[in-house]
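Novice: Now for the letters of each chain:
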Amino acid sequence: MTRSSLDPEQSRPEKSDPEQSRPEAILEVRNIGKSYGSVRALQGVSAAVGPGEVLCVLGDNGAGKSTFIKILSGAHRHSEGTLLAFGVERRFEHPREALDLGIATVYQDLAVVPLMPVWRNFFLGSELSRGRGPLRRLDVAGMRSTTKHELARMGIDLRDVDQPIGTLSGGERQSVAIARAVHFGAKVVILDEPTSALGVKQAGVVLSYIARARDRGLGVVFITHNPHHAYPVGDRFLLLQRGTSVGDFAKSAITIDEMTALMAGGAELEALAHELERP
Amino acid sequence: MTRSSLDPEQSRPEKSDPEQSRPEAILEVRNIGKSYGSVRALQGVSAAVGPGEVLCVLGDNGAGKSTFIKILSGAHRHSEGTLLAFGVERRFEHPREALDLGIATVYQDLAVVPLMPVWRNFFLGSELSRGRGPLRRLDVAGMRSTTKHELARMGIDLRDVDQPIGTLSGGERQSVAIARAVHFGAKVVILDEPTSALGVKQAGVVLSYIARARDRGLGVVFITHNPHHAYPVGDRFLLLQRGTSVGDFAKSAITIDEMTALMAGGAELEALAHELERP
Amino acid sequence: MTVAVGAEIDERPTRAHPLLTVLRRPEVGALVAAVAIFLFFSLSTQAFLTPAGISTWLYSASLFGIMAVAVALLMIGGEFDLSAGAMTGTTGLIVGVVTTQWGLNIWLALVLALVVALSIGAGNAWVVMKTGLPSFIVTLATFFILQGCNLALTKLITGSVAIQGMGSVPGFDQVKVFFGSSFPFLGMDVKISIVWWIALTALATWVLLRTRPGNWIFAVGGQVTSSRQVGVPVLKVKLGLFMTTAGAGWLVGMLQLFDVSTVQATTGVGQEFIYIICAVVGGCLLTGGYGSAIGAALGALIYGMTLQGIVFAQWDNNWLKAFLGGMLLLAVLVNLLVRRQSGVRA
Amino acid sequence: MTVAVGAEIDERPTRAHPLLTVLRRPEVGALVAAVAIFLFFSLSTQAFLTPAGISTWLYSASLFGIMAVAVALLMIGGEFDLSAGAMTGTTGLIVGVVTTQWGLNIWLALVLALVVALSIGAGNAWVVMKTGLPSFIVTLATFFILQGCNLALTKLITGSVAIQGMGSVPGFDQVKVFFGSSFPFLGMDVKISIVWWIALTALATWVLLRTRPGNWIFAVGGQVTSSRQVGVPVLKVKLGLFMTTAGAGWLVGMLQLFDVSTVQATTGVGQEFIYIICAVVGGCLLTGGYGSAIGAALGALIYGMTLQGIVFAQWDNNWLKAFLGGMLLLAVLVNLLVRRQSGVRA
Amino acid sequence: GCTATESGAGGATAPGEQVTIAVVTHGTAGDSFWDVVKSGAEQAGTDLGATVTYQGDGDPVKQSQLIEAAVAAQPDGLVVSMANPDGVKSAVEKAVAAGIPVITINSGLEKSLEFGAQTHVGQSEYIAGQGAGEQLAEADVSNVICIIHEAGNSGLEERCKGAADTIGATVSNVQVDVANLADAQNTIKSKLLADPSIDAVLTLQTGVAVAASQAIDEAQSPATLATFDVSADVTRLIQDGKMLFAVDQQPYSQGYLPVTFLTLQKRNGDVVGGGLPVYSGPGFVTKQNAAQVAKFAENGTR
Ligand SMILES: Nc1ncnc2c1ncn2[C@@H]1O[C@H](COP(=O)(O)OP(=O)(O)OP(=O)(O)O)[C@@H](O)[C@H]1O
Ligand SMILES: Nc1ncnc2c1ncn2[C@@H]1O[C@H](COP(=O)(O)OP(=O)(O)OP(=O)(O)O)[C@@H](O)[C@H]1O
Ligand SMILES: [Mg+2]
Ligand SMILES: [Mg+2]
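Residue numbers (my numbering), protein chains in the order written: chain A, 1 to 279; chain B, 1 to 279; chain C, 1 to 346; chain D, 1 to 346; chain E, 1 to 302.
These are computed hints drawn from the structure, not numbers from a lab. Don't be surprised by glycine CBs; every beta carbon is placed ideally from N, CA and C. Hints are supplied without guarantee of correctness; some may be wrong.
[To be verified] Below, in silico cross-link-like pairs of lysine-lysine (PhoX-like), each with a Cα-Cα straight-line distance of 25 Å or less:
no.	chain 1	residue 1	chain 2	residue 2
1	E	Lys94	C	Lys176
2	C	Lys130	C	Lys236
3	C	Lys176	E	Lys111
[Unchecked claim] Pairwise CB distance ranges, derived in the manner of DEER restraints:
no.	chain 1	residue 1	chain 2	residue 2	range
4	D	Leu235	A	Ile256	38 to 48 Å
5	A	Val140	B	Gly44	40 to 50 Å
6	B	Arg30	A	Glu97	50 to 60 Å
7	B	Gly131	A	Thr244	44 to 54 Å
8	C	Leu337	B	Leu128	31 to 41 Å
9	C	Trp315	E	Ala291	33 to 43 Å
10	B	Ser79	A	Phe86	49 to 59 Å
11	A	Gly37	B	Ala141	28 to 38 Å
12	A	Asp157	B	Ser79	24 to 34 Å
13	C	Asn105	E	Ala98	31 to 41 Å
14	B	Gly133	C	Asn105	26 to 36 Å
15	A	Glu97	D	Thr211	16 to 26 Å
16	A	Val140	D	Trp102	24 to 34 Å
17	D	Leu336	A	Glu24	53 to 63 Å
[Unchecked claim] A few chain D residues that face chain A, going by a derived Cβ cut-off under 7 Å, partial list only:
no.	residue
18	Arg210
19	Phe218
20	Gly222
21	Gly289
Here chain A stands alone, though its shape is the one from the complex (with noise of 0.2 Å):
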């Protein structure tokens, strides 16, 4: 197979972008890794994303995918293993850490309260204040606008930022999510398998967020299943497999077609093509 041509070590050195050093990454992990009682999750990993860079992580079900972004985002400790921000060693005890430092998750399961309206999931957490001492309360009418605002900046047009987020369509809610990181002046935008649910045109919509979000300098770290997916937009590959590093590819070093067939199971759908057909 191509695996020999595809050597990670020998991949590593190589940089999609000459200028930008490794040194310069916002997120860095080092041999990370995290057990969850006696199942090892993730072991070993290493990956950094600087500015205006897309990592891609790519993995099978169970992989480690999520437990990778849950150390990055501060929602989980990491058992083993440096993680560097800005080139500072870090553990992070709550989410609310990784979120002051500039880091920004979209999660799996998006990370929105259902029945409160658009605007005030957009701004939950960091909400914008008026006034001061007692009589400190939040701006709603400045919080209304700038939820509109910046939807519209993604594209959104939302008759009514105050309809409960869940009776939104799982693609704008996505987009909510999104275009709360990237507000939020967020350095990396963290996102996991923002387009598994979507249809075509959804995550067409949401790979050119992530591209206009990289095109303003953030960095970004994209999680997916579909390589169709994160080819188009990724500067950089991850490819887990029950929990370790499979290896870091970067663009230039590897090809849609052999990213497919690295991911697990890539050579068992190539067989699997025949059986498909009818008998």
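We have chain A; now place chains B, C, D and E with the ligands onto it with these hints.
Specialist: Just chains B, C, D and E with the ligands now, kept in the frame of chain A:
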């Protein structure tokens, strides 16, 4: 664009399987429609599926795919049009009625009860009994071994069919649901986005189950967002957009690229491809 | 071709010790707590382990237990019934009023009370299912209504708040054989209600674990939409559960009536929470879909032992409630601990 | 490039009448029910609309209302507090005991009682958050423990089950100005607790709708993991909510103590459900994440009007509970209907 | 045998044998009347060097269970109140059959001997109610409300019934919740406002009496107030002229006397009463004797 060459009316008379005619369809809908209060989720959709045939339903988020299959499976009643099962007009009042006719459905949310053991979930609603009169009781041993056996036939080797199904991975749960539908002598299996949350490998496994069910002579209605999943197994393709049918194509009448292009947003996605590139 | 999806999961470490299967049962925590409390009172008091002592706390536990088992089934099915306590009073009062005041045949009176109870249970189910309101609120309303009717109607018809002269109703002694008698066993004077309790716990366990309706009870409590989708008759199951609870209320009402041959308008008020407590201590989740009948019976046993054990220990009864509160907290914590140890998420 | 995801949804028919926005508020159902009950008793009884009558039912509503508003906040935040009723007794008893028995300065006694209340609230929150046990069970245990301690400690210290001679404690009249006084207003004799009630309802509404903690309360009740993920300090919010409820218990305890100038060991027992009922009638969901403070206040108003209206109407008092049950059912049904009409899913 | 003298610390020097007396009443924990009964019984125990256990539950089934649990511990004597005599019949008879001397207290006088009890101390709530009714009738009232603070409590119902049967005026019952005195006060006020012809209020509990007195003030009603039971606040109200009288069933002696009798019986073979009941009341506290009662009430013994 290629639109005119793909005129649905033109392609309708085409058959993927010439020796099989519509009157033999297991399930058929004519001009079916459904409103939720003031929301028209579906209108004027016609389609049919025969034995040994795979009907793929594709469409955007909110296009009405889930609504469509909820009508077929008796979970919702249609508000317009006619539904024929085995040539007889029906109006299902309860999923039970559809089930009793051999219409088995694997829902998007899988319809499993997370806290219950795998084997109880497998047989839920169709439990095996032994004994008679007041001594009539569940055939626990029988259900356990059948579950183990049926799952093994699908290539899933569970150590313990007594573990709560909530502890299985997404792909495994999906497989249990499909194995259940196949086991209960279904004539039609309806699958709502079984592959969206799955990795490449797991998705391949599910596709192979679909092919296997088809080869056993079952009709399959397969809903997906992903043309790459639909095309290899599908015989006919029903494209929905905002609740109406865009077309119903035989496999011979359409290529995968045409299908992708035809799906809502296909055109936009092409435009997008440029944008995704670095500026 | 066999794509071994399961195979890759096998790699991850897991334990599947047979003991663990036992430890994962919902009632294990309650069993541990029950044994602890049994030992505590056996060692610290004289009377607790005497035949007379045992029959006393068993009797106390049995009356709570019958209801707790029914309430546990209902809770596993995802619903509450706060009218369960008042129901024991309602049924007793109906039998009392129609026999002592209107001279109805006592057997007919029993049937009448049962029919009324089942209708109220069915009514609860109907309102809950039709409106989608939480059963907590619907049955709270039923509770208030029953409580009010118990008092007002009894007062209206009999002129007092308790039924008198029940013992001299013709046929009373025949019925008492079934509901109010006791028999000697191993030196104990065993009340018939203990037999009812054990029989019903066994029956409920059998239904839950070995019949189709039992499977459905777990299903509707665990995930009601999924159950509906696979063809479980949700409405019938819930109807059955509410009627079972009401029926158990009738049974307890009769057991009490024929034991003491009187019933008061306030009978049963405030007991509804004890049933829920017993079920929760016995491992039922408040959110439904998980629990066991034996667990609820053990919960009732814990409650009965504590209640009478405090009497045997001659503690000041002013502290009773505080003890019960502490015991409840302790029992649920033990339960939690046992379940955490065995790796079950609560 | 603008991919108009929103545009396609616009096509589907929807109504967005401004009236609908108002009708979608959680408290609308309660408002409709409150107006109906107000009209009913105004028309059917003489005394209900007299100044003296109004001040009576307003006072009754205010005592339930203060707690109902606090309990509603807690319920919106996804938790229950069944110890809220007993807490009103505990705080009153503490003040009573330390002033009448130990001669402590009355202001200090107030502060002491508040500190104890807040600690108990914090304790509830701590146990709930650390163990993950449902607050229903944890606070039920607290309720029992408080109930037991109220009785046993009061008896132990004072030798009786009620506080006597509170009125002659030095400084009583000064404190009474804040908690037990009344003032004339539009011909009514308005109790100060009504002012507290209105002020707290306004404050709670302000907090809920216009401050960050309010936003967080909705969030932790609606989806606790999501809230944690976006950085909401879940523990602090729940801690604050349990302490608010305990603080409200203290306030109501003081209002009662300085109004009737005596307090008994059983004070507050059984009231916890009335608070929950008021909150639910006012539109709060039992499952959390939805509700309003004004709604809870309206729920209390409905309860207060019904309670006193029945007396004004001179109906047979034995039916009281039955009326209340019927009223509860009616109110939640009206609520449901109004919300269904406006297209909000309950 | 010897007389009961002052018992030393720990009762080690108690004369005669160790005596255990079980008291099981139908009073719920925290009920102010039964709390005084309990105090009386416990004081008798302390005074005589006897061990006294006290339990109570208003539900006849539960009360029966408590009696049976007490009997299982084989006490030297049993004291039972019988609000609903049928309800505890079999439990009492079991105790008698087990050879335990039983004395009934408070209510249940009619059935006391029939069930095998030696004697009865106190008198029924109904008779006490009749006493209150006679006193109120002397005050020439025509429209009375009787405040029931615990719905369905048979003792309270009996008190109101007794009053109603002798008073010769309209008596209507009003239900309030003793757990919420502020609201009880409010409800009484509502009743007074709704029916200005009410000219007497009869309460059945001391806390409610205090609340009712304030309700009468606030409603500016001319109604006369009377109550059952005595407390320091109640004697103060009587002294201030805000209350006409308080019915004193002397619950303390209902607890103290039977414990004394049973202890004597164990230690000295005395069977007191001779098959006749011992009446413990009712006494009436009025302006004349209020000051004298007040200091006992302070101790929680009246
Ligand atoms: N809280 C937890 N406790 C125990 N095991 C866990 C927990 N969370 C995840 N795991 C296990 O860790 C492994 C990795 O899970 P993770 O969610 O990171 O996978 P994933 O790559 O995101 O999968 P998917 O594509 O299905 O989202 C799985 O085997 C999973 O069962
Ligand atoms: N119970 C309901 N009440 C009101 N509207 C509904 C309901 N269920 C679905 N809808 C609406 O009907 C439309 C079609 O929904 P449906 O679930 O069929 O879409 P779908 O094609 O399955 O989308 P997805 O790909 O996101 O699963 C959507 O606009 C949705 O908001
Ligand atoms: Mg994941
Ligand atoms: Mg769908």
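Novice: Would the hint linking lysine 176 (chain C) and lysine 111 (chain E) be met if the CA-CA limit is 25 Å?
Specialist: The hint holds at about 22 Å.
Novice: Taking the closest Cβ pair, is glycine 222 (chain D) under 7 Å from chain A?
Specialist: Holds - the Cβ of glycine 222 (chain D) comes within 7 Å of chain A, reaching about 4 Å at its closest.
Novice: Taking 24 to 34 Å as the hint, is the beta-carbon distance of valine 140 (chain A) and tryptophan 102 (chain D) inside that range?
Specialist: violated (50 Å)
Novice: At the C-beta level, are glycine 131 (chain B) and threonine 244 (chain A) separated by a distance inside 44 to 54 Å?
Specialist: holds (51 Å)
Novice: Using the beta carbons of leucine 235 (chain D) and isoleucine 256 (chain A), state whether their distance is inside 38 to 48 Å or not.
Specialist: holds (46 Å)
Novice: With 24 to 34 Å as the target window, see if aspartate 157 (chain A) and serine 79 (chain B) comply at their CB atoms.
Specialist: Distance hint for aspartate 157 (chain A), serine 79 (chain B) holds at roughly 29 Å.
Novice: Does the beta carbon distance between glycine 37 (chain A) and alanine 141 (chain B) stay inside 28 to 38 Å, or does it fall outside?
Specialist: holds (32 Å)
Novice: Is the Cα-Cα distance between lysine 130 (chain C) and lysine 236 (chain C) 25 Å or less?
Specialist: holds (13 Å)
Novice: Indicate whether the distance between the beta carbons of leucine 337 (chain C) and leucine 128 (chain B) respects the range 31 to 41 Å.
Specialist: The hint (31 to 41 Å, Cβ to Cβ) holds, given that leucine 337 (chain C) and leucine 128 (chain B) are roughly 37 Å apart.
Novice: Keeping to a limit of 25 Å between CA atoms, is the pair of lysine 94 (chain E) and lysine 176 (chain C) held or broken?
Specialist: holds (17 Å)
Novice: Within 49 to 59 Å: is that where the Cβ-Cβ distance between serine 79 (chain B) and phenylalanine 86 (chain A) falls?
Specialist: holds (57 Å)
Novice: How does the Cβ-Cβ distance of glutamate 97 (chain A) and threonine 211 (chain D) compare with 16 to 26 Å: does it lie in that range?
Specialist: holds (23 Å)
Checked against the numbered hints above, the structure violates only hint 16.
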